[in-house]
Amino acid sequence: MEGKGIPNNSLLEKLKPYIAMICLQFGYAGMNIVTKVSLNGGMSHYVLVVYRHAFATAVIAPFALVCERGKRPKMTLLIFAQMFVLGLLGPLIDQNFYYLGLKYTSPTYACAMSNMLPALTFVMAVLCRMEKVHIKKLRCQAKVVGTLVTVAGAMLMTLYKGHVVNMVWSSHIHPAHTSSASVAAADKDWAKGSILLILATLAWAAFFILQAITMRRYSAHLTLTTLVCFMGTLQSIVVTFVMEHKPSAWNIGWDMNLLAAAYAGIITSGIAYYVQGIVMEKRGPVFVTAFSPLMMIIVAFMGSFILAEKIYVGGIMGAVLIVMGLYSVLWGKYKEYKEQEIEEIPEAIKGCNNFHSNEMGTIVEDHELDDVESQRNVEASRVPNVVVSSPMPQPPMLAMEAPMKGSEDK
889 MEGKGIPNNS
899 LLEKLKPYIA
909 MICLQFGYAG
919 MNIVTKVSLN
929 GGMSHYVLVV
939 YRHAFATAVI
949 APFALVCERG
959 KRPKMTLLIF
969 AQMFVLGLLG
979 PLIDQNFYYL
989 GLKYTSPTYA
999 CAMSNMLPAL
1009 TFVMAVLCRM
1019 EKVHIKKLRC
1029 QAKVVGTLVT
1039 VAGAMLMTLY
1049 KGHVVNMVWS
1059 SHIHPAHTSS
1069 ASVAAADKDW
1079 AKGSILLILA
1089 TLAWAAFFIL
1099 QAITMRRYSA
1109 HLTLTTLVCF
1119 MGTLQSIVVT
1129 FVMEHKPSAW
1139 NIGWDMNLLA
1149 AAYAGIITSG
1159 IAYYVQGIVM
1169 EKRGPVFVTA
1179 FSPLMMIIVA
1189 FMGSFILAEK
1199 IYVGGIMGAV
1209 LIVMGLYSVL
1219 WGKYKEYKEQ
1229 EIEEIPEAIK
1239 GCNNFHSNEM
1249 GTIVEDHELD
1259 DVESQRNVEA
1269 SRVPNVVVSS
1279 PMPQPPMLAM
1289 EAPMKGSEDK
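All you need for this note's numbering is the position in the sequence shown, starting with 1, plus 888.
Since the hints were made in silico from the structure, they are not lab data.
A portion of the hints provided could be inaccurate.
[Stated by the list, open to error] Label pairs and their in silico Cβ distance ranges:
| hint | residue 1 | residue 2 | range |
| --- | --- | --- | --- |
| 1 | Y1222 | C1016 | 18 to 26 Å |
| 2 | K902 | W1138 | 43 to 51 Å |
| 3 | C955 | L1122 | 20 to 28 Å |
No residue lacks a Cβ here, since even glycine has one placed at the ideal position from N, Cα and C.
Work the whole structure out from these sequences, hints included.
What follows is the structure, encoded as structure tokens:
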């Protein structure tokens, strides 16, 4: 019975990471639109970061207390220091830089710049010896070339803007009137916003690398997510008190600001940190960052409809280069994953060498054959044939395949 259930279970396990990451991209896309509206309305991005991670901590903490009671590893000084740095990289540095860059540019542009994340994560993984580069192999060449193309696309988007690309539906949407002075100021801030987005992506890539390292020592994922969000909240409060001197900046009501804080905190901080950690443990940090182009496409359509945002030629050209480089990196990563699968097959074969078939067609192990032979010699006169009871007969190919399936899920 177990042998028949293996293919269906393994297929479901294979699909879970893909489904989880696709759902997260829709969540990130909605966060970009809602946050852009809130920032345009005058909300401070420092205050938004505080409220965002306060919401995330409040939502995830009860689940961590109940689900992981008695299962938490011992807290050491090293693990605490890693959580503290995670709070700095993700909630504080990445979010503040990203929100400020989003305020100076547009949601579509910010998402396109975020597509640098897989390439930057790959570079940092190589530096941390989490990835190995054999330059003579085609898959490694694809990852290196893809990284360079991705960086080139980001630089093109930063340095070249070009003409506005008019969408079919743009003529039916009338954005708010802006003066020529505000347009000039927006153009001036475009390069500044691009630099901030690149710095935010660097911090986010470093967050993924450190999160993967921390999870090896601290396996309680919900507790880890709660503590990172809590530390990020405390750190953001300190920074906000330094940067925001007006008490009115903390005011929040039943408006778009509350929606932006709650949505970003619950969906893209609490749930996202936890789901990304689970998927990263099985597939690695590069796989987790592989779905960012989907977010860019979703935001481009939503931004054109809802915000009537402008799309420029330079942005399209840069985005195309980024996506090409991204999937070059992912192709190399996919080939590497397949090679690791092939290398694990001999281990599975070793585990199957101890299985043989007796004359009754039942699969038994070597020591079971010895027991059967000795029992035959003793009871040959009374028992004509000895049948070894075992579970449902399992073909050798399934016996080889089962360990390999399990290794994929890990």
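Checked hints:
no. : hint                      : verdict
1   : Y1222 x C1016: 18 to 26 Å : holds (21 Å)
2   : K902 x W1138: 43 to 51 Å  : holds (46 Å)
3   : C955 x L1122: 20 to 28 Å  : holds (24 Å)
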